[in-house]
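Novice: Top to bottom, those sequences are chains L and B. Residue numbering for the first sequence follows our numbering, beginning at 1 and increasing consecutively. Residue numbering for the second sequence follows our numbering, beginning at 429 and increasing consecutively.
Just to be clear, a hint being listed does not mean it is correct.
Restraint ranges, calculated between C-beta atoms of paired labels, are given here [what the hints assert, rightly or not]:
id, chain 1, residue 1, chain 2, residue 2, range
1, B, 778, L, 154, 38 to 46 Å
2, B, 778, L, 351, 56 to 64 Å
3, L, 385, B, 706, 55 to 63 Å
Because the hints were derived from the structure by calculation, they are not lab data. Even glycine gets a Cβ: it sits at the ideal position worked out from N, Cα and C.
There are 2 protein chains.
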Amino acid sequence: MASNSSVPPHIVIVGGGFGGLAAAQGLAHAPVEVLLIDRTNHHLFQPLLYQVATAALSPGDIAWPLRTAVRGQQNVRVVMDKVEAVDRATRRVIVTNGPAIPFDTLILAPGSRPAYFGHDEWAAHAPGLKTLSDALTLRERLLLAFENADRRARFAAAQPLTFVIVGGGPTGVELAGALAEIGRNAMVPDFPALRWDEVRILLVEGGERILPGFSPALSSQATIALQRMGVTVLLKTQVREVRDSGVMVGDRFIEPASVIWAAGNRASPLTQGLGCPLDSSGRVRVQADLSIPGDPWIFVIGDAAHCTGKDERPLPGLAPVAMQQGRYVAEVIRNRQAPGQRAPFVYADRGQLATIGRAKAVAELGPLRFSGLPAWLLWCVVHVFFLISLRNRFRVMSEWIWYYLTFKPGARLIYDGGERHSRSGGQP
Amino acid sequence: MASNSSVPPHIVIVGGGFGGLAAAQGLAHAPVEVLLIDRTNHHLFQPLLYQVATAALSPGDIAWPLRTAVRGQQNVRVVMDKVEAVDRATRRVIVTNGPAIPFDTLILAPGSRPAYFGHDEWAAHAPGLKTLSDALTLRERLLLAFENADRRARFAAAQPLTFVIVGGGPTGVELAGALAEIGRNAMVPDFPALRWDEVRILLVEGGERILPGFSPALSSQATIALQRMGVTVLLKTQVREVRDSGVMVGDRFIEPASVIWAAGNRASPLTQGLGCPLDSSGRVRVQADLSIPGDPWIFVIGDAAHCTGKDERPLPGLAPVAMQQGRYVAEVIRNRQAPGQRAPFVYADRGQLATIGRAKAVAELGPLRFSGLPAWLLWCVVHVFFLISLRNRFRVMSEWIWYYLTFKPGARLIYDGGERHSRSGGQP
Numbered sequence: 001m002a003s004n005s006s007v008p009p010h011i012v013i014v015g016g017g018f019g020g021l022a023a024a025q026g027l028a029h030a031p032v033e034v035l036l037i038d039r040t041n042h043h044l045f046q047p048l049l050y051q052v053a054t055a056a057l058s059p060g061d062i063a064w065p066l067r068t069a070v071r072g073q074q075n076v077r078v079v080m081d082k083v084e085a086v087d088r089a090t091r092r093v094i095v096t097n098g099p100a101i102p103f104d105t106l107i108l109a110p111g112s113r114p115a116y117f118g119h120d121e122w123a124a125h126a127p128g129l130k131t132l133s134d135a136l137t138l139r140e141r142l143l144l145a146f147e148n149a150d151r152r153a154r155f156a157a158a159q160p161l162t163f164v165i166v167g168g169g170p171t172g173v174e175l176a177g178a179l180a181e182i183g184r185n186a187m188v189p190d191f192p193a194l195r196w197d198e199v200r201i202l203l204v205e206g207g208e209r210i211l212p213g214f215s216p217a218l219s220s221q222a223t224i225a226l227q228r229m230g231v232t233v234l235l236k237t238q239v240r241e242v243r244d245s246g247v248m249v250g251d252r253f254i255e256p257a258s259v260i261w262a263a264g265n266r267a268s269p270l271t272q273g274l275g276c277p278l279d280s281s282g283r284v285r286v287q288a289d290l291s292i293p294g295d296p297w298i299f300v301i302g303d304a305a306h307c308t309g310k311d312e313r314p315l316p317g318l319a320p321v322a323m324q325q326g327r328y329v330a331e332v333i334r335n336r337q338a339p340g341q342r343a344p345f346v347y348a349d350r351g352q353l354a355t356i357g358r359a360k361a362v363a364e365l366g367p368l369r370f371s372g373l374p375a376w377l378l379w380c381v382v383h384v385f386f387l388i389s390l391r392n393r394f395r396v397m398s399e400w401i402w403y404y405l406t407f408k409p410g411a412r413l414i415y416d417g418g419e420r421h422s423r424s425g426g427q428p
Numbered sequence: 429m430a431s432n433s434s435v436p437p438h439i440v441i442v443g444g445g446f447g448g449l450a451a452a453q454g455l456a457h458a459p460v461e462v463l464l465i466d467r468t469n470h471h472l473f474q475p476l477l478y479q480v481a482t483a484a485l486s487p488g489d490i491a492w493p494l495r496t497a498v499r500g501q502q503n504v505r506v507v508m509d510k511v512e513a514v515d516r517a518t519r520r521v522i523v524t525n526g527p528a529i530p531f532d533t534l535i536l537a538p539g540s541r542p543a544y545f546g547h548d549e550w551a552a553h554a555p556g557l558k559t560l561s562d563a564l565t566l567r568e569r570l571l572l573a574f575e576n577a578d579r580r581a582r583f584a585a586a587q588p589l590t591f592v593i594v595g596g597g598p599t600g601v602e603l604a605g606a607l608a609e610i611g612r613n614a615m616v617p618d619f620p621a622l623r624w625d626e627v628r629i630l631l632v633e634g635g636e637r638i639l640p641g642f643s644p645a646l647s648s649q650a651t652i653a654l655q656r657m658g659v660t661v662l663l664k665t666q667v668r669e670v671r672d673s674g675v676m677v678g679d680r681f682i683e684p685a686s687v688i689w690a691a692g693n694r695a696s697p698l699t700q701g702l703g704c705p706l707d708s709s710g711r712v713r714v715q716a717d718l719s720i721p722g723d724p725w726i727f728v729i730g731d732a733a734h735c736t737g738k739d740e741r742p743l744p745g746l747a748p749v750a751m752q753q754g755r756y757v758a759e760v761i762r763n764r765q766a767p768g769q770r771a772p773f774v775y776a777d778r779g780q781l782a783t784i785g786r787a788k789a790v791a792e793l794g795p796l797r798f799s800g801l802p803a804w805l806l807w808c809v810v811h812v813f814f815l816i817s818l819r820n821r822f823r824v825m826s827e828w829i830w831y832y833l834t835f836k837p838g839a840r841l842i843y844d845g846g847e848r849h850s851r852s853g854g855q856p
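One chain only, chain L, in its complex shape:
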């Protein structure tokens, strides 16, 4: 931290997700000036993004303006801009819409993007789920798929309506479960020409089981729960091709199909310009104190960091990891710890949860493993507890109660007649 004692050091944080925001909040009372840069104007509660994509929640329920989140903090300013690159030589961050921004200390928390295993051309037909914009695109596609199936059923022979979700991790499982619930309970009753047994939801996983981060017993409980809800779970199956008209699953070409990509992530391209060792997912191999090799005042946290845990495996891309990392880095900066003085970052793993549907979830808290209603209630409490504002907590809770009672989610909106997507959508 190249600073003399009279001028407060300039801390630049790139990304207002869980890690970046936790770092900014951790520096609340430090004698530093913090600039928080994000390409959107809001913090997003990503763990519930799949509910926006499946029309159960509205964007405003799970996002909150970043400026409002740090309004009470005198030493933080927010800049909405896109970061193009980090210039390590001059210690500046290059942004799209203004002069370069100098820093003494940099915290990079730019997150990750969907990864298509070298097939970026699939992205147009199999959108991923990282931003509100992604979720709204996906929502409109899913709703339009029902409208188009209804049209086909009225004017031609009925064809099954197929959704293919690629990737059996928590996001894929949550999307499949939510889609099955919304499809059966909210959508099909609105489309007299469609029957529920004509709607197919395929969850495709390349590995031996879904939710590989959980214990095998919970994986199979989740599989059974999904199957009971009408989801077809395909294991050890590869997606070989995604086109506008359909998708090649194993050696079957399924057409038409709406494809959602939840199979893998790649760190933000920002990491590539740093000149640091990266792993195969583009994540920076950070040191024990989360700094990059050779520069103790540039930190990388969250999904863009490859940070090894006790068993030498990289920590998962979860909100608690990013938040703990943000708080750790804030403390290092607050105490102006020289590299030699820093205790290594240790992730306090409080367990993991994945929800499948109403009253269905799996939980793994250390030695404790359980599923069903207790896991689901815990999941609800944890997620509402972590939502950033009281207002959003209230709105999400009331929306869930409403949905639980009525099965009529209100967010099923196609904004502009679907003209943007009806031509490019998977189901013509």
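For this one, chain L is given, so just place chain B on it according to the hints.
Specialist: The following block gives chain B in isolation, referenced to the frame of chain L:
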């Protein structure tokens, strides 16, 4: 209604707004088959659309899927499609995405669009407010205007941030008031580089007073209330030019400025192909029974109809007018009234309301005229009462209470980093 008694007559309704939905619901128990066509999938509570545009409410709070709205009605089917034309000769409606749809009876309720007095090129720089998509575009522009002003204030000399609202009718007044409130109470506190006295809100009206539909006393009360909130009201002033860089108001060119168009409406272009007499706003001059001249089984209702009231002036484009017309037409059809048997449509005018801000509104109920808190409370009750679903009533009410208490509206979201609009936006 060219039908024999064994086949139920086919009623086609174009437009799922207040008029079209009321007509569909009015035909609930009639022995007819109803097809409701809309280019979106939702009914929109347009009177609160300005609150979505000013980030006070979310889209999902004021819209509701049409299919869900008529789910309980066995004789109604919903089609999401765009109606291109009405073929009177073959009695069919031409749609974009399917074969033509035949009808025995047609109810046209396609609404209106912003009108630019022959300057359609202004539309790109001065968006109007008719659809959810419009409201989201407007919201993103307003929020980005603050972000851009903040950027200018950091890197260059501060310039005033100017919003110009064209048109002093209820929509213009409501937008100006809401913008002043959100600007002062929610936005400026989030932008340390901006001062409230550098934000200018201009309400430009060509006529002698704002709210010309109300009594002169209420007009001047509304003017005073707006001025106290920081809005500059310009009367007898024309907007002569709208460009990307700014706007010519009277003989002053204001730059940069974000311009919102609330100055006038034109009926949907669908009316032009009917071969009927239209008024200067493109509205069909309907007969006393709301049918078109020469065809007793084609009706036009709502904003697209020129229907004269007691004083020979056309009825205003208000939700109650459209709803009463929809119910009237449904009754004519239900009773299979021949043209000679029909009593003319009479609008039961229950008064009008316009809101200016928190605890500020004007009301005119027959001889009763009042303003301030009582008018505002009445406005709240009426608007929540008319919202289509219990869920939305609850959400809008809770959102208002939250906003009233905290001044932190949660819908201030820019979805995709504003990349779509930052180039075309009014404030570069």
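Novice: Under the constraints set out in the numbered hints, which ones does this structure not fulfil?
Specialist: none
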